[in-house]
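For chain A, the structure is supplied; the task is to place chain B on it using the hints.
There are 2 protein chains.
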Amino acid sequence: MSERVPSLDALSEALQRLPGVGPKSARRMVFHLLERDREGGRVLARALDRALEEVRHCRRCNNLTDTELCPICASSRRDQSFLCVVESPSDIPAVEQAASFNGTYYVLMGRLSPLDGIGPEDLPFDGLDRRIAEGVTEVVVATNATVEGEATAHYIYDRLEPQGVRVTRLAHGVPLGGELEFVDGSTIDRALTRRYSLEED
Amino acid sequence: MSERVPSLDALSEALQRLPGVGPKSARRMVFHLLERDREGGRVLARALDRALEEVRHCRRCNNLTDTELCPICASSRRDQSFLCVVESPSDIPAVEQAASFNGTYYVLMGRLSPLDGIGPEDLPFDGLDRRIAEGVTEVVVATNATVEGEATAHYIYDRLEPQGVRVTRLAHGVPLGGELEFVDGSTIDRALTRRYSLEED
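Protein sequence lines correspond, in order, to chains A and B.
Numbered by my numbering, the letters in the first sequence go through residues 1 to 201 in order.
Numbered by my numbering, the letters in the second sequence go through residues 1 to 201 in order.
Worth double-checking, as some hints may not be accurate.
If several chains are the same, the list does not tell them apart, and a pair holds so long as it fits within one copy or across any two.
20 angstroms max Cα-Cα, derived SDA-like pairs, lysine to any residue [said to hold, decoys possible]:
| hint | residue 1 | residue 2 |
| --- | --- | --- |
| 1 | Lys24 | Gly117 |
| 2 | Lys24 | Ala99 |
| 3 | Lys24 | Ala10 |
Hints in this document: simulated from the structure, not taken from any laboratory.
Only a predicted model underlies this, so the values are computations on that prediction, with no experimental measurement involved.
The following block holds chain A by itself, in its conformation from the complex (with noise of 0.2 angstroms):
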């Protein structure tokens, strides 16, 4: 049978724009929202509204804000010296899970790709000489462990090296209570050849 209610059809299409939400999903989303809390439904076209409206980039590092410096950049307790290099926006809040960073970012939008036609003209490295040119003296690289995302550390490597910057990488290994037998093989590779003494602990 096919009868269909085409605001609730509307619904559900717009709600499996989001990723990971299918059809069975949407479907529970649809009813949850109508029948059981329609206020959430009211608060979310709301803040989605909202989020659309303010948010854009920080004029400075390219994170997402919805003010004209990112509330990071414009902390008086973060190190201005101390700078990692993201993809995306969406990997600072990963780093910011560790309690020890307390530098600032600059967000690539993206990483050299030469098979899909993206070299260092497309990406907004100029915003990145403009922030070392602040004082950088430390640049951590934390493009994603991707064939793509090593070409762009080592090109950073090469571009900033030269202005006298410490340029350094996120360590690559086992992740902490990760158990071995999950771990691929060149993953191993790779922290077998970076071993340390114990006596370093």
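Just chain B, lined up with the frame of chain A:
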């Protein structure tokens, strides 16, 4: 560190009112909507507004609808004398998956639950009586297979049977395609009690 962007936080919290969405998937959704699919965000906000504005309960069967009568009640292709009683509008799509069902619905908006103080006077049985009076000859009770759903089914039998209506119940047993080792004991118990001779097939 805890520098926050208020409109991102508000959107993330609003998304977490959706069933099955926790902090991590809300974060993925926020970045997806703002970085990759702003149009999707606008479509979702408008679909929410429209559904919240237009969707109400069918005045005949309590199904969710954006018209006075739901499309199923209004359909001339449906057998109006064959009625399926469900607890909630969200149960209807499940029954609609059954290609053989060509009847109509009545939504009880709950089930009898003496422990929660929900008795017959708290559910819209008057609407069910009106549907019966319109010439219903069979009612199949598709309330959930819980203690409350069973009690509700028996109540409906006691109420309608004296009026000469045939009252049936969805069969219980091992799901098709289900692997026996994952089926719970009480279902197997029921399936044993209701076992049928292969001659009937």
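Going down the list of hints, with the structure as the test:
no.	hint	result
1	Lys24 <-> Gly117	neither (38 angstroms within a copy, 32 angstroms between copies)
2	Lys24 <-> Ala99	between (38 angstroms within a copy, 18 angstroms between copies)
3	Lys24 <-> Ala10	within (14 angstroms within a copy, 26 angstroms between copies)
Checked against the numbered hints given earlier, the structure breaks only hint 1 and satisfies all the rest.
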